[in-house]
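Now for the letters of each chain:
2 protein chains.
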Amino acid sequence: MTSHGRRKGESPAPVGAFLRIHLDTGFSIGPGKIALLEQIDATGSLSQAARVLGMSYRRAWTLLDALNSGRWGPATTTSVGGSGGGGAALTDFGRKLIRLYRDIESNVLSLSRSKVKAAL
Amino acid sequence: MTSHGRRKGESPAPVGAFLRIHLDTGFSIGPGKIALLEQIDATGSLSQAARVLGMSYRRAWTLLDALNSGRWGPATTTSVGGSGGGGAALTDFGRKLIRLYRDIESNVLSLSRSKVKAAL
Chain V
1 MTSHGRRKGE SPAPVGAFLR IHLDTGFSIG PGKIALLEQI DATGSLSQAA RVLGMSYRRA
61 WTLLDALNSG RWGPATTTSV GGSGGGGAAL TDFGRKLIRL YRDIESNVLS LSRSKVKAAL
Chain S
1 MTSHGRRKGE SPAPVGAFLR IHLDTGFSIG PGKIALLEQI DATGSLSQAA RVLGMSYRRA
61 WTLLDALNSG RWGPATTTSV GGSGGGGAAL TDFGRKLIRL YRDIESNVLS LSRSKVKAAL
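Residue numbers (our numbering), protein chains in the order written: chain V, 1 to 120; chain S, 1 to 120.
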């Protein structure tokens, strides 16, 4: 981080946001869980999703366990065995969480950028 | 956290959000820094603000140091000595940060609530 050394006239970094949404007591979605769901969808496997994200398997498992414990039902299903070993797939609820978070996130980003631009 | 034990028919917890906004490389505002600025404004003192928030003086000092290192100038000024000892006060920029964050935060909360309600 070298922000303090910025010289006058250099253009500022674009405004960004970190957002976690609490949907219910003990049930939240943030960038880590949503990226994990997206990678499970892309790879069909929790361990491959974790690898792509540079996340430990233990952490990925903990995040997924939380995502599958909400009152709306699980976000993923798992299949055991088969020729390629077990796999993981998203439920409709899992897909809904991704769409919901990415939708809110993009709105928050444009909102933040325009408010910051107007205020500073 | 007892979310997993919710019984059917119980009303859900209200939707909440955690938001941190990155204004520049290495310069961000989130709930901790903004609450600190508000308490400095209310108490006129960094140590009293930290006490009100249950924050260590060291942590409060670190957050304030970051808030005073942005390219827009400091968020607070300090006065040394005087009959009541040194004090801290907000600059115009400090007040602007509070208004900006609280404004974006309340927009994000209502946006999240309506999107969650529509999706789940």
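It should be emphasised that the hints constitute simulated quantities derived from the structure, not laboratory data.
Treat the hints with caution; some may be incorrect.
Below are the SDA-like pairs computed for lysine to any residue, each with C-alpha atoms no more than 20 angstroms apart in a straight line [said to hold, decoys possible]:
{"id": "1", "chain 1": "V", "residue 1": "Lys-117", "chain 2": "S", "residue 2": "Arg-20"}
{"id": "2", "chain 1": "V", "residue 1": "Lys-115", "chain 2": "S", "residue 2": "Lys-117"}
{"id": "3", "chain 1": "V", "residue 1": "Lys-33", "chain 2": "V", "residue 2": "Gly-16"}
{"id": "4", "chain 1": "V", "residue 1": "Lys-96", "chain 2": "V", "residue 2": "Gly-16"}
{"id": "5", "chain 1": "V", "residue 1": "Lys-96", "chain 2": "V", "residue 2": "Pro-74"}
{"id": "6", "chain 1": "S", "residue 1": "Lys-117", "chain 2": "V", "residue 2": "Phe-93"}
query = Honestly, which of those hints from before does the structure not fit?
reply = Hints 2 and 4 not satisfied by this model.
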